[in-house]
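There are 2 protein chains.
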Amino acid sequence: MSTGHGLRLGVLVFDGAEELDVVGPYEVLAVWSALSPMKPQVVTFSRDGAGVRCAHGVRLLPDGDADEVAPLHVLVHPGGPGARALATQPEHLAWLRDVRRKVPLLTSVCTGALPLAAAGLLAGRTATTHRASVDELAALDPSVLVDTEARFVDDGDVVTSAGVSAGIDMALHLVARLESPAMARQVRGELQYEPEPPD
Amino acid sequence: MSTGHGLRLGVLVFDGAEELDVVGPYEVLAVWSALSPMKPQVVTFSRDGAGVRCAHGVRLLPDGDADEVAPLHVLVHPGGPGARALATQPEHLAWLRDVRRKVPLLTSVCTGALPLAAAGLLAGRTATTHRASVDELAALDPSVLVDTEARFVDDGDVVTSAGVSAGIDMALHLVARLESPAMARQVRGELQYEPEPPD
Chain A
1 MSTGHGLRLG VLVFDGAEEL DVVGPYEVLA VWSALSPMKP QVVTFSRDGA
51 GVRCAHGVRL LPDGDADEVA PLHVLVHPGG PGARALATQP EHLAWLRDVR
101 RKVPLLTSVC TGALPLAAAG LLAGRTATTH RASVDELAAL DPSVLVDTEA
151 RFVDDGDVVT SAGVSAGIDM ALHLVARLES PAMARQVRGE LQYEPEPPD
Chain B
1001 MSTGHGLRLG VLVFDGAEEL DVVGPYEVLA VWSALSPMKP QVVTFSRDGA
1051 GVRCAHGVRL LPDGDADEVA PLHVLVHPGG PGARALATQP EHLAWLRDVR
1101 RKVPLLTSVC TGALPLAAAG LLAGRTATTH RASVDELAAL DPSVLVDTEA
1151 RFVDDGDVVT SAGVSAGIDM ALHLVARLES PAMARQVRGE LQYEPEPPD
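Residue numbers (the working numbering), protein chains in the order written: chain A, 1 to 199; chain B, 1001 to 1199.
Looking at chain A on its own, in the form it has when it is part of the complex (with noise of 0.2 Å):
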């Protein structure tokens, strides 16, 4: 599936993800990859390839399953009721161990940081999750250090962010992180991301 020798970014889809979880840092990438002299390549793959329902009922079929994908620079691992379901699969977990040994920067938006507390990954690291969540990432992993304040947390080969939303923020972070701020509010400019919610 590769066509090129850039950078290689994944974006994790499986059933019961949060639709934005998924789509929020897959736009800020995908125009990143669209401006950039860079070129990075982002896809979207469930682990066995096949298509997803997310949380509200989007329906998305993957550009590829794991191991067609591959190899990843960044992982992406979107949150939602499904992301509390795979924090319990042992399969999983193991997969996700596996990633670690492989991929060099694992990001997490929402409760994507369960599965990877519960695997062991974010042990003794800072972190952050959806701030309904916060409790429920210490009990997996008592020695994660939880900001409850931050947007996203970049804690060197793992970047984690706050609920849903918080994934833009936190791709507009990695862009500035791999290429340079400039690109990342080029970025920004072209979602017009200046966000002004109704009170």
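FYI, nobody ran anything at the bench for these hints, they're computed from the structure.
These numbers were taken from a predicted model, which means no experiment stands behind them.
Beta carbons: idealized from backbone N, C-alpha and C, even for Gly.
Be careful, since some hints might not be right.
[Stated by the list, open to error] Facing chain B, from chain A, some residues (calculated, C-beta under 7 Å):
id : residue
1  : 56
2  : 149
3  : 151
4  : 169
5  : 183
6  : 193
7  : 195
[Stated by the list, open to error] One side of the interface only, derived from the structure: several residues of chain A facing chain B at Cβ under 10 Å:
id : residue
8  : 30
9  : 48
10 : 63
11 : 66
12 : 68
13 : 158
14 : 168
Since the structure of chain A is already known, use the hints to place chain B on it.
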């Protein structure tokens, strides 16, 4: 497809729709649906019911075709490169004019305003679009009063939003208008939509 008697909101999908234009509003409206005692229904549809390939490659399978999801009370028309193409297709414009006769509230995200304008549905109205497409909107219909500052413009039976991510703010406004500002705040809290994009 209808399973209730409440409000029905439909998000149109098509080839070349911008991913976040679709999923930003969908996420807001779906979380509203999950939280609200009004139990609004939120569906995705393509005009013919077929799956679509979005602007950056995400493949979506909609809930149904235009007839299956009718009657709608609110239409969300996303933008993206595909919307620009739809603005030149007489058959899509005729469909939109028919929709206007049936659907009380038409909304657009980003360049979703272009087909609305091309169909004559914004004539003499105040509206907005992606900042890069303001001239294009004015060229399609010089009688449109383009607000280049607004995040979204509520002109009664038509609500248009600025570029891409502005669809999230517009959808929160729809929740506030169609139910209450308190409910919109609750949805916003669930999405943890307190953006802090990196500079």
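Exercise for review: Would you pick out the hints that fail for this structure and give their numbers low to high?
Suggested key: 2, 5, 9, 11, 12, 13
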